[in-house]
Amino acid sequence: MTAVIYIDFEAIHPVIDGEWHRTRLTGIPKPGQGITMLCGATATAVFQPLNRRRDRGVATACPQCDAIYRRERGIPQQSTRQGR
Numbered sequence: 001m002t003a004v005i006y007i008d009f010e011a012i013h014p015v016i017d018g019e020w021h022r023t024r025l026t027g028i029p030k031p032g033q034g035i036t037m038l039c040g041a042t043a044t045a046v047f048q049p050l051n052r053r054r055d056r057g058v059a060t061a062c063p064q065c066d067a068i069y070r071r072e073r074g075i076p077q078q079s080t081r082q083g084r
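With the UniProt record's numbering as the guide, the letters of the sequence shown map in order to residues 1 to 84.
For the record, the hints were derived by calculation from the structure and aren't laboratory data. It cannot be assumed that every hint is accurate.
[As the list claims (entries may be wrong)] Label-pair distances were calculated between CB atoms; the ranges are:
| no. | residue 1 | residue 2 | range |
| --- | --- | --- | --- |
| 1 | 27 | 75 | 33 to 43 Å |
| 2 | 78 | 31 | 30 to 40 Å |
| 3 | 72 | 15 | 17 to 27 Å |
| 4 | 79 | 1 | 44 to 54 Å |
| 5 | 11 | 71 | 12 to 22 Å |
| 6 | 34 | 77 | 25 to 35 Å |
| 7 | 8 | 44 | 35 to 45 Å |
| 8 | 67 | 1 | 18 to 28 Å |
| 9 | 34 | 72 | 21 to 31 Å |
| 10 | 57 | 4 | 17 to 27 Å |
| 11 | 3 | 56 | 15 to 25 Å |
A virtual CB, placed ideally from N, CA and C, is assigned to each residue, including glycine.
Please construct the entire structure, taking both the sequences and the accompanying hints into account.
Dropping the structure here:
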């Protein structure tokens, strides 16, 4: 018998120096594997339990990754959304 675990790769947001990024993953990176973010930043993958997510404060979104992600999907940029 197998237990299937479904992963949403768009829900994975690597954090570098307190800023969360977006990346184009096609699989779960191995610990120590290099990954490149949409903004071009690169880092080595490490994993921590979810309950440690805010140990260094609340991460903020990388504005470059956000802009690229929105442009690729036809989502209005933050500054052009209604009510802003």
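Hint-by-hint comparison with the structure:
1. The supplied range of 33 to 43 Å is broken by residue 27 and residue 75, whose beta-carbon atoms lie about 25 Å from each other.
2. The hinted range of 30 to 40 Å is satisfied by residue 78 and residue 31, whose Cβ atoms lie roughly 33 Å apart.
3. Here the CB-CB span from residue 72 to residue 15 is close to 21 Å, well matched to the stated 17 to 27 Å.
4. Distance hint check for residue 79 and residue 1: the Cβ-Cβ separation is about 51 Å, which falls inside the suggested range of 44 to 54 Å.
5. At roughly 20 Å, the beta carbons of residue 11 and residue 71 sit within the given window of 12 to 22 Å.
6. Checked against the hint of 25 to 35 Å, the C-beta distance between residue 34 and residue 77 comes to roughly 29 Å, which is consistent with it.
7. Roughly 22 Å separates the CB atoms of residue 8 and residue 44, a value that falls outside the hinted 35 to 45 Å.
8. In this structure the supplied range 18 to 28 Å is violated for residue 67 paired with residue 1, their Cβ-Cβ distance being about 45 Å.
9. Taken as a hint, the range 21 to 31 Å holds for the pair residue 34 and residue 72, whose Cβ atoms sit roughly 22 Å apart.
10. Distance hint check for residue 57 and residue 4: the Cβ-Cβ separation is about 35 Å, which falls outside the suggested range of 17 to 27 Å.
11. For the hinted restraint 15 to 25 Å between residue 3 and residue 56, the CB-CB distance of approximately 32 Å leaves it violated.
Violation of the numbered hints given earlier is confined to hints 1, 7, 8, 10 and 11; the remaining hints are satisfied by the structure.
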